[in-house]
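Enquirer: Which chain is which? The protein sequence lines are A and B, in order. If you count the first sequence from 1, position 20 lands on 20 in our numbering, and the numbers rise without skipping. If you count the second sequence from 1, position 64 lands on 180 in our numbering, and the numbers rise without skipping.
Hints may be right or wrong, so weigh each one.
Short, incomplete list of chain A residues facing chain B, as computed with Cβ under 8 Å [as the list claims (entries may be wrong)]:
| no. | residue |
| --- | --- |
| 1 | Phe-91 |
| 2 | Pro-96 |
| 3 | Gly-98 |
Taking CB as the label site, the calculated pair distances span [as the list claims (entries may be wrong)]:
| no. | chain 1 | residue 1 | chain 2 | residue 2 | range |
| --- | --- | --- | --- | --- | --- |
| 4 | B | Ser-196 | A | Pro-61 | 41 to 49 Å |
| 5 | B | Leu-163 | A | Ser-87 | 21 to 29 Å |
| 6 | A | Val-12 | B | Ser-213 | 35 to 43 Å |
| 7 | B | Leu-163 | A | Gln-17 | 16 to 24 Å |
| 8 | B | Pro-230 | A | Gln-50 | 41 to 49 Å |
| 9 | B | Gln-172 | A | Pro-61 | 36 to 44 Å |
| 10 | B | Ser-196 | A | Gly-103 | 18 to 26 Å |
| 11 | B | Arg-179 | A | Gly-28 | 25 to 33 Å |
| 12 | B | Met-127 | A | Glu-104 | 25 to 33 Å |
| 13 | A | Gly-103 | B | Leu-200 | 19 to 27 Å |
| 14 | A | Glu-18 | B | Ser-128 | 38 to 46 Å |
| 15 | A | Arg-15 | B | Thr-119 | 30 to 38 Å |
Please keep in mind that the hints were generated in silico from the structure rather than gathered at the bench. Note that the structure is a prediction, hence the values are computed from the model and not measured. No residue lacks a Cβ here, since even glycine has one placed at the ideal position from N, Cα and C.
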Amino acid sequence: NAGVMQNPRHLVRRRGQEARLRCSPMKGHSHVYWYRQLPEEGLKFMVYLQKENIIDESGMPKERFSAEFPKEGPSILRIQQVVRGDSAAYFCASSPWGGSNTGELFFGEGSRLTVL
Amino acid sequence: AQTVTQSQPEMSVQEAETVTLSCTYDTSESNYYLFWYKQPPSRQMILVIRQEAYKQQNATENRFSVNFQKAAKSFSLKISDSQLGDTAMYFCAFEESGSEKLVFGKGMKLTVNP
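Please put together the full structure from these sequences, using the hints given.
Expert: This is the structure we're talking about:
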């Protein structure tokens, strides 16, 4: 059973461009979480999605950021008009059911975004 | 809002020795969960150990154990018989029951020396 797959692992964008980060959860997992890690910081919650639904986006900036988890295909975190402050590692995690506190939460290796 | 504090940014230990990583948290909730995650150079977050706040017994997982002091809001991780593969960043995390959101500390870099 493959783990949580994130791509690209590294992405470089110039200011004003768009960044798209993809996350394929583990097989059988229908719950996806996105976290952001700034340099020298811990991970910060961004958004929690189930298939086709955003459950909690309280950690996501209101502008320029969006997330989706379609019925078919990976979850996508989209950042429009990137700025230097968006440079960070973005982690995706998945679980088979709701309950990131159950210990059944598995993280991907992250996507590192660098904005020039 | 809940906060998690890891006051030691960095520690080192000799192989086979025991090391304790400290963590404190702040919450007004009574039902929650605490975690220690390990982030090796590959950057993938790996769950080390998990504690339910309603359980008085400290969690253990092989060489890893915790000292959970609920009244003091303290949650330290003890690593016994340290191994070179334990070298990593360690993050303490908190989750309020039902919130689906982990709150992480800033992490601590542990180096195990041969």
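Enquirer: It remains to establish, for every hint, whether it holds in the given structure.
Expert: Going through the hints against the structure:
1. Given hint, Phe-91 (chain A) at the interface with chain B, holds; its Cβ is 7 Å from that chain's nearest Cβ, closer than 8 Å.
2. Checking Pro-96 (chain A) against chain B by beta carbon gives a least distance of about 14 Å; that is not within 8 Å, so the hint is violated.
3. Residue-level restraint check for Gly-98 (chain A) holds (minimum Cβ-Cβ distance to chain B is 6 Å; threshold 8 Å).
4. Distance hint check for Ser-196 (chain B) and Pro-61 (chain A): the Cβ-Cβ separation is about 42 Å, which falls inside the suggested range of 41 to 49 Å.
5. As the Cβ distance of Leu-163 (chain B) to Ser-87 (chain A) is approximately 27 Å, the hint placing it in 21 to 29 Å holds.
6. A beta carbon spacing of about 40 Å between Val-12 (chain A) and Ser-213 (chain B) agrees with the range 35 to 43 Å that was offered as a hint.
7. A hinted range of 16 to 24 Å for the beta carbons of Leu-163 (chain B) and Gln-17 (chain A) is inconsistent with their spacing of about 35 Å.
8. For the pair Pro-230 (chain B) and Gln-50 (chain A), the supplied restraint of 41 to 49 Å holds, since their beta-carbon distance comes to about 46 Å.
9. Taking the beta carbon of each, Gln-172 (chain B) and Pro-61 (chain A) are about 40 Å apart, inside 36 to 44 Å as hinted.
10. A hinted range of 18 to 26 Å for the beta carbons of Ser-196 (chain B) and Gly-103 (chain A) is consistent with their spacing of about 21 Å.
11. The hinted range of 25 to 33 Å is satisfied by Arg-179 (chain B) and Gly-28 (chain A), whose Cβ atoms lie roughly 30 Å apart.
12. One distance hint, 25 to 33 Å for the beta-carbon pair Met-127 (chain B) and Glu-104 (chain A), holds here, with the actual separation near 29 Å.
13. Between Gly-103 (chain A) and Leu-200 (chain B) the beta carbons are some 26 Å apart, a value that agrees with the proposed interval 19 to 27 Å.
14. Checked against the given bound of 38 to 46 Å, the beta carbons of Glu-18 (chain A) and Ser-128 (chain B), roughly 42 Å apart, stay inside it.
15. At about 32 Å, the beta-carbon gap between Arg-15 (chain A) and Thr-119 (chain B) stays in the expected band of 30 to 38 Å.
Of the numbered hints given earlier, the model fails hints 2 and 7; all others are met.
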